[in-house]
Amino acid sequence: MKIKILGPGCANCQRLEERTKEAVEALGLDVNLEKVTDAAEIASYGIMRTPGLVIDDMVVVAGRVPSTREISDLLKS
Amino acid sequence: MTMDVDTRRAGLRRWGGLALAAGAWFVLYRLNQPFWDWLIYDVFGLSPESAAGSALHFFGYDVVKIGLLLVGIIFAVTVLRSFMSIERTRALLGGRREGVGNVMAAGLGVITPFCSCSAVPAFIGFVAAGVPIGVTMSFLIASPLVNEIAIGLLLGMFGIGPTLLYVAAGLTIAIVAGWILGRFHAERWVEPFVFETRLRGQVIDSTTGLTWGDRIAMGRDEVVTILRKIWPYLLVGIGVGAIIHGWVPTDFFTTYASASNPLGVIVAVGLGVPLYSNAAGVMPLVQSLYGAGLPMGTLLAFMMSVVALSLPEMILLRRVLKPQLIGAFIAVVATGIVIVGYSFNLLLA
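These protein sequences, in sequence, are chains E and S.
Heads up, the first sequence is in the working numbering, so the first residue is -11 and it goes up one at a time.
Heads up, the second sequence is in the working numbering, so the first residue is 1330 and it goes up one at a time.
Please note that a few of the clues may not be correct.
Said to hold, decoys possible - Here are some of the chain S residues that sit facing chain E, going by a computed Cβ distance under 8 Å:
id : residue
1  : 1415
2  : 1444
3  : 1446
4  : 1449
5  : 1508
6  : 1526
7  : 1546
8  : 1548
Claimed, not checked - Straight-line distance between alpha carbons at most 35 Å, and here's what the computed DSBU-like set of lysine-lysine pairs gives:
id : chain 1 : residue 1 : chain 2 : residue 2
9  : S       : 1558      : E       : 9
10 : S       : 1558      : E       : 64
11 : S       : 1651      : E       : 23
12 : E       : 23        : S       : 1558
Claimed, not checked - Distance windows between CB atoms, simulated:
id : chain 1 : residue 1 : chain 2 : residue 2 : range
13 : E       : 21        : S       : 1340      : 33 to 39 Å
14 : E       : 45        : S       : 1428      : 38 to 44 Å
15 : S       : 1373      : E       : 14        : 28 to 34 Å
16 : S       : 1501      : E       : 21        : 41 to 47 Å
17 : S       : 1413      : E       : 14        : 30 to 36 Å
No lab work stands behind these hints: they were computed from the structure.
By construction, the Cβ of each residue, glycine as well, lies at the ideal position given by its N, Cα and C atoms.
All chains, please: the whole structure from these sequences, using the hints.
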């Protein structure tokens, strides 16, 4: 599974990264986590408000930091 | 059935918790003044007329008051804003002509949830959807300049008059500056790749499917995020106020920075550019300096300059804007702020 965190490094992006790592660890998944910080590349995903969470090239959350539980639900589906 | 009871119980806990928090907020707000009176004047035995006594009282009282205001305002604003999204704003602005578009963009800039760290993706998203550059700039200027947190704090600290003036001035600057930049045919000063950006995938509206629980959690998260970011500004701003309160002679500032000082506003705007903070962070300092007798127009100009003209944001925007447009942006907005500063000083004198 490939996960991307879209965000230039603001507080919300860091929190999303933390929570995603927590969720991944709790589920014991083997994932490839990548951070996308370039604004133009972030924009190319069609999101206008960071942070964004991309799972297998699909934007699943944009513009807010979901709870760890919501992230694990997203990872499971 | 059990599911039903569970959700109802969760709802009850949520609204009960919220009501309890609101009650605690009001009690603390009410107790703030008597508590510091008691602690500083009775327990420490300092006189309200002494420098140390008045400075300590000012500091303690203001830290709690502004802290409470911030918590309440940020929470309420974030929950309300979760009903609005930047995707909806873009849809409203798409295909809008300049003029009407600038006015709408400035107004939407106030209510759309937005952080300057998203300025570049938002810019690309707007332009790729066909929103004119000038209209996009009106949005980007209004968003930090006139946000609800600033409005709430101004209301709580200065009352309705200065708040309305501030909002009117901020919107005017955003509308006029965006319109002027549009007149420049600013498209030629936008990095070409912006126009070639193809948005892949489906647009996700960041607010669809949110429950009340989600919205409340977002509000709580935002309070923590903002307070963690601005607490040093808060303490420094209030600390400056406390020192002025206790030790600086009252005519010190009025001698050097009165409304009649022709350079006052320009110096204030210049000082604001390297400083970077949001409105919530700079407000305590503004209030402290106002208490010291600095004119309101000069202070609002300073605040606008801090929030609307910031070096880090310019560096971010450099990714999509050529230096000419960044220069024009700074020149137009700074001129607007200077004009607002002088007019307020004249109006309120």
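Results for each hint:
A cut of 8 Å between beta carbons decides the hint on residue 1415(S): the least distance to chain E is about 5 Å, and the hint holds. For residue 1444(S), the interface hint holds, the least distance from its beta-carbon to any beta-carbon of chain E being 7 Å, beneath 8 Å. At a threshold of 8 Å, the smallest CB-CB gap from residue 1446(S) to chain E is about 4 Å, leaving the interface hint in force. For residue 1449(S), the suggested interface contact is upheld, since its CB lies about 3 Å from the closest CB of chain E, less than 8 Å.
Residue-level restraint check for residue 1508(S) is violated (minimum Cβ-Cβ distance to chain E is 22 Å; threshold 8 Å). The criterion of a C-beta within 8 Å of any C-beta in chain E is met by residue 1526(S), whose closest approach is roughly 6 Å, and the hint holds. Nearest Cβ of chain E to the Cβ of residue 1546(S): about 6 Å, under the 8 Å cut. The hint holds. Residue-level restraint check for residue 1548(S) is violated (minimum Cβ-Cβ distance to chain E is 11 Å; threshold 8 Å).
At most 35 Å may separate the alpha-carbon atoms for a hinted pair to count; residue 1558(S) and residue 9(E) meet this at roughly 23 Å. In summary, the hint linking residue 1558(S) to residue 64(E) is supported, as the alpha carbons are separated by about 33 Å, within the 35 Å threshold. Restraint check for residue 1651(S) and residue 23(E): the C-alpha separation of about 26 Å stays at or below 35 Å, so the hint holds. Between residue 23(E) and residue 1558(S), the direct Cα distance comes to roughly 22 Å. Compliance with the 35 Å bound is thereby established for this hinted pair.
A C-beta distance of roughly 35 Å is found between residue 21(E) and residue 1340(S), which places it inside the suggested range of 33 to 39 Å. Restraint check, residue 45(E) to residue 1428(S): a C-beta distance of roughly 40 Å satisfies the suggested window 38 to 44 Å. The beta-carbon spacing between residue 1373(S) and residue 14(E), approximately 50 Å, falls outside the hinted interval of 28 to 34 Å. The given range of 41 to 47 Å is respected by residue 1501(S) and residue 21(E), whose C-beta atoms sit roughly 46 Å from each other.
Residue 1413(S) and residue 14(E) have their C-beta atoms about 33 Å apart, which keeps the hinted 30 to 36 Å range intact.
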